[in-house]
Structures are given as C-alpha cells and as structure tokens.
Amino acid sequence: MNALSDKHILEIFNVSKIYGSVVALNNISLAVPQGQWLAIMGPSGSGKTTLMNIIGCLDTPSEGKVLLDDLNLGNLSHSGLTAIRRESIGLIFQEFHLISYLTALENVMVAQYYHSLVDEVEALEALARVGLRERAKHLPKQLSGGEQQRVCIARALINHPKLILADEPTGNLDEANENLVMDILRQLRDQGSTIIVVTHAQEVAARAERVIVLEHGRLVQDKLNDKVNSDSLEPSSEVA
Amino acid sequence: MISNRSFMLRLAFWSLARRRSRLLAALVGVALGAVILLGMVTLCYDLPRQLSQEFRAYGANLALAGLGSGRMSLLDLAKARELLPKDSLVGLTAFRYESTRNRLRPYTAVGVDFDQVKKTSPFWRVTGQWPKEPGDLLVGSDIALGTDLKEGAYATIDGRNDKQERYEKDFRIVGTVTTGGVEDGFIFMSLADMETMTSTPGVADLAEVSLRLDSESLKQKAALIKEKIPNIEARLVTRVTDSETNILGKLTYLVYLVALIVLALTMICVATTMMTVVLERRKEIGLKKALGAESWRVGREFLAEGILIGLLGGFFGSLGGLIFARVVAQSVFGRALTPHLYLIPLTMLVMVLVTVVACRAPVKRAAAVEPALVLRGE
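The listed protein sequences derive, respectively, from chains F and A. According to my numbering, the first sequence is numbered sequentially starting from 1. According to my numbering, the second sequence is numbered sequentially starting from 1.
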C-alpha cells in the first residue's frame with residue numbers, strides 16, 4: 001500500500017453551490033492528501049456530482065475556495081479551468097462517454113491530442129495497462145461495458161493526471177467487470193495516484209481509504225477505512 | 001508521433017467516414033449545389049455561342065454599304081469578306097436595287113444571290129420555288145396580291161441604267177416571297193440577271209452579313225472593315241444586335257440569379273445539417289471540453305468537417321455539373337458543349353466557402369456547449 005504524502009493535492013474551504021433557491025452544496029470543507037483514495041457517498045441529490053464537477057473544474061462554486069495543487073481555482077478564467085482539466089485531471093464516467101466513431105485506441109489518443117502530442121505507442125501502452133491491447137482497433141459498440149469502462153480509464157490515465165475523478169465508475173457494470181475496474185483503480189492508487197470516486201455502492205466505497213458522506217449538500221460524515229478492501233465500513237468520524 | 005494538425009484532419013475524416021448517413025445528407029446537399037452552380041456557369045459561358053446560331057434566324061447583324069450615297073464594288077465587298085472570320089460567317093448577301101417598270105407600273109427590282117439570302121434571311125417564306133435558272137423571278141407577296149404578277153406568269157421588266165440607256169428583259173415568275181417587311185413590295189432576280197439586264201456589272205448597293213459574333217466583336221469587325229476598305233461603310237444592324245445583347249444579358253442575369261439562389265439553399269442545407277450534427281453530438285463536444293479542449297479547438301474540428309464536406313461535395317458535384325451542362329446543351333440547343341475544367345477547382349473553392357459560412361452558427365453553438373450539463377444528460 002502506498003504511503004500518504006503530507007502534501008494536500010486538494011483543499012476545499014467553505015464551498016457552497018447555489019442554483020437559484022436550491023442549495024446544492026452547503027459550506028463544504030475538505031482536504032485530500034496526495035495519493036489518497038477518497039470515496040464520496042450520499043443519496044441522489046445530496047450534491048455528490050456538484051462537488052465532483054467543482055473539483056473537476058467543470059463548475060465553479062458560488063462561495064468558498066478550492067485549491068488544487070496549491071492553485072486557487074477561483075482565480076482562474078474559463079480557459080484556465082480548461083487547462084487544469086487538461087493538465088491535472090483524469091475523468092472516468094459512469095456512462096463511459098467514448099466517442100462512438102473512434103476506436104478504443106483513437107479514443108485514448110483524443111485525450112493526448114488535447115493535452116499535448118499524439119503518441120500511438122504510448123496510447124497502446126495505456127490500453128495494455130487496462131488489458132485491452134488486443135481490442136485497440138475496436139469501435140466502442142464492439143466492446144462490452146467493462147471494456148468500454150477500461151478504455152475510459154486508459155483515456156483518463158494517458159496524460160498522467162495529478163487527480164483521477166471517477167463518477168460511479170462501476171454503475172453500469174456487472175460484478176466481474178466491477179472487480180476488474182476496482183483492481184485497476186487500486187493499482188493506480190498503489191502507484192501513487194490520487195483518486196476520488198463518487199459512488200452509491202458500499203462495496204466500492206469500502207475499497208477506498210477514506211469515505212465522506214453528503215446529505216442535502218452538507219458533509220455529514222468523514223471517516224477513514226482501517227483496512228482497504230474490507231467489507232465493513234466503520235465510521236471513524238462524523239461531521240455535524 | 002502524429003502531428004496535431006494531422007490528427008485533427010484524421011478526426012474529421014473518421015467522423016465523416018464512420019458516420020456515413022450524416023455525411024451523405026450533407027454531401028448530397030453540397031454536391032447538388034455544385035451540380036447546379038457549375039452547370040449554370042458552364043451554360044452561361046457557352047450561352048452566347050449556343051444562342052448566336054439561334055439568333056441568326058432573325059437575320060443579318062452587320063450591314064455594308066458604299067460610302068455616302070454611292071454604290072460599292074463587288075471587288076471591295078470580296079475584300080471585306082476576307083476580313084471576316086470564316087468559322088463565324090453564316091452568310092453574306094449583296095443587294096442591288098433598280099427602279100424598273102412592268103407594263104408602265106413602277107417596281108423596285110432587287111438583284112441578289114438567292115443561296116446567300118437563304119443564309120442571311122432565313123425568315124423569308126417562299127411559296128412556289130426559289131429562282132434557280134436565269135430569267136427566274138420572285139415577287140413580293142404584296143405585289144402578287146394586287147397585280148397579275150403571280151407564280152407561273154411571265155413578266156417583262158424594263159428601265160434605264162446609270163448611263164440612261166434603256167433595257168428590257170423577260171422573266172418567268174417562279175415564286176412569291178413573304179417577309180412581313182418591305183421585301184413584300186419588291187421583285188427579286190439573281191444578281192447575274194440584274195447585271196445582264198442593266199449592262200452594269202460588279203456593283204451592289206448594300207450587303208447584309210450574318211455573323212456568329214457578339215456585339216462587341218461585331219463592332220471590332222466593322223471598325224476593321226472601315227479601316228481597311230475606306231469605300232465601304234460598315235454598321236451594326238442594331239435592331240438585331242441590341243435584341244441579342246438584351247436577351248443574352250437577361251438570360252445571363254437569370255442564370256446567375258438561379259446560381260445565387262442555389263448557393264443560398266445549399267448554405268441553408270449545410271447549416272441545418274451541421275446544426276443537427278452539433279445537437280446530436282453535444283455529449284461528444286461536452287466530453288472533449290471535459291478532456292480539456294478549448295472552445296476554439298472544438299469549433300475548428302467542426303469547421304474541418306465542414307471543409308471536407310465542401311471539398312468532397314464540390315468535387316463530385318462539379319463532375320455532375322459538367323454532365324448536367326452537357327445534357328442541357330444537347331437537349332435544348334442540340335449541340336455539344338465545351339467543358340471548362342478549370343471551373344472544377346473554382347466550384348470546389350466556392351462550395352468550401354459556402355460550407356465555412358454555413359458552419360458559422362453551428363460552430364458557435366458547439367463552442368457554447370457546457371460540458372458539465374451535457375455529460376449528466378441535460
């Protein structure tokens with residue numbers, strides 16, 4: 001298991017997000033050390049995706065401050081946030097969001113294209129890391145759900161992001177594929193990647209080192225799992 | 001390593017090649033536009049040539065006469081003929097007018113070459129026969145109506161020549177001519193008969209020339225004749241040339257107007273298709289932006305697709321346009337068309353410009369897509 005760094009890759013201070021009269025996030029504060037695997041849990045409408053979008057620079061908070069690798073995201077322009085997404089964040093989606101007319105390999109290369117330079121060999125290596133080298137020339141419709149999610153992971157990893165954000169990464173997968181994807185995430189974490197996973201599933205959250213729970217936009221629980229891969233989830237601390 | 005520009009083109013190519021139904025809709029729109037555009041422009045280029053033959057049915061477009069009130073010599077007329085382009089010359093008829101009589105009634109007799117008249121004045125309607133033999137006479141329909149000078153009759157024509165010497169000659173009337181003009185009041189004989197009868201050879205009062213040329217070229221030829229043969233005055237038959245210019249101008253305007261409308265329709269078609277493409281691919285755009293693509297890069301990719309559609313549609317449409325113009329020229333004018341191959345790249349360029357303009361609104365819309373919204377299905 002990877003030892004956590006003292007440095008915080010992500011720090012969130014009193015962040016709120018308000019849509020009209022709806023408070024999606026209410027005064028959230030959170031610090032994520034580099035190399036940590038964090039799970040965000042909570043019922044539908046609790047603000048998980050909103051928090052994920054703010055961390056992933058896809059949205060901005062109404063109030064509060066977010067520091068990503070000591071960089072205040074609030075000071076960045078629209079294009080600045082785009083650059084952070086490109087340079088520092090790897091996104092994994094529940095619905096995979098692969099481009100239908102591109103092969104697995106080309107889908108990975110698209111992320112390289114927007115980041116810097118397209119390198120087919122490196123993209124093939126990324127696919128090999130998720131066990132899909134042989135399926136590189138297949139279109140998404142020719143791949144199973146689990147394979148598509150693994151392509152999505154390869155795409156997220158290709159630019160060596162500081163932070164991997166996964167939104168319900170196993171939500172559309174069967175148990176076998178769920179295990180496969182979780183093993184890949186565990187390997188990434190073991191290699192030092194910081195991973196934040198939004199999930200409904202207790203089994204997925206149980207694999208993380210730390211779990212936070214949101215309810216009605218508030219952080220109601222923040223606990224460390226004693227043993228990664230444990231089946232039970234014992235609360236270590238609660239936030240009022 | 002693949003360069004980013006080459007990867008962008010590959011993205012555009014894959015997007016079109018692997019989503020053929022959408023490509024087909026946009027391609028057909030652009031190609032049809034190119035077919036009509038190139039077809040119309042080709043016809044427009046060829047229209048004066050194609051129509052000049054038709055216009056020749058309305059008579060001569062250049063008149064030659066002796067300077068002042070004098071007659072011109074047939075020798076000078078032959079020199080003038082040499083100055084005219086042979087491939088454009090439909091016919092040249094010399095006319096010689098004499099004041100004559102028949103049974104003391106005055107008539108204007110005209111000596112002509114009937115073979116040339118058929119070419120320069122194809123609108124003459126002859127009942128009976130055209131004169132073929134010496135002594136054959138053709139009378140205008142007005143004369144035939146009011147006198148006994150009718151087809152089959154014999155007539156003695158008499159008068160005095162330039163030297164005031166009396167002449168007289170017998171003719172056989174072989175036909176009646178109707179033009180709806182002054183010719184209906186004249187009697188016509190061959191120029192040779194006129195020369196024999198009057199004992200005055202080698203002169204003519206007027207020559208009518210029918211040329212397959214536009215009015216500008218005709219003016220140049222007229223000026224050339226005036227310059228080279230000072231004894232001959234050359235002038236355009238403005239009632240014919242003006243009508244020709246007028247009709248051609250209006251037809252050309254009409255053709256360009258149709259081409260403009262077709263371009264506008266093509267633009268609407270491409271804009272609609274590309275807008276549909278953007279709407280269909282909002283998730284893809286959102287994903288690209290989530291991966292770190294700037295708005296301008298996403299816009300540039302759609303533009304690249306538009307340009308590819310313009311190039312491909314323009315190319316195939318141009319080929320179709322050449323065939324279209326050929327079929328129209330053959331079926332309407334009954335003549336082959338000269339293909340202008342340089343119009344193909346020009347048409348492709350126009351179609352690319354049309355698609356670029358048509359892509360403006362869709363590209364703007366693509367650039368405005370919010371990744372967070374579309375990725376969660378809103």
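Please keep in mind that the hints were generated in silico from the structure rather than gathered at the bench. Be careful, since some hints might not be right.
Here are the in silico distance ranges between beta carbons for each label pair [as the list claims (entries may be wrong)]: (1) Ala176(F) with Glu370(A): 29 to 37 Å; (2) Asn75(F) with Arg300(A): 44 to 52 Å; (3) Ser77(F) with Pro345(A): 55 to 63 Å; (4) Asn4(A) with Gly74(F): 48 to 56 Å; (5) Ile261(A) with His216(F): 54 to 62 Å.
Virtual Cβ for every residue (Gly too), placed ideally from N, Cα, C.
Can you tell me whether the CB distance of Ser77(F) to Pro345(A) sits inside 55 to 63 Å? With Cβ atoms ~42 Å apart, the hint is violated.
Starting from the range 44 to 52 Å, see whether the pair Asn75(F) and Arg300(A) falls in it by beta-carbon distance. This hint is violated: roughly 28 Å between Cβ atoms.
Okay, Asn4(A) versus Gly74(F) on CB: inside 48 to 56 Å? Since Asn4(A) and Gly74(F) have Cβ atoms about 31 Å apart, the given range 48 to 56 Å is violated.
Using the C-beta atoms of Ile261(A) and His216(F), is the stated range 54 to 62 Å upheld? holds, 60 Å
So the hint says 29 to 37 Å: do the beta-carbon atoms of Ala176(F) and Glu370(A) match that? 35 Å Cβ-Cβ, so the 29 to 37 Å window holds.
Comparing the model with each earlier hint shows violations of hints 2, 3 and 4; every other hint is respected.
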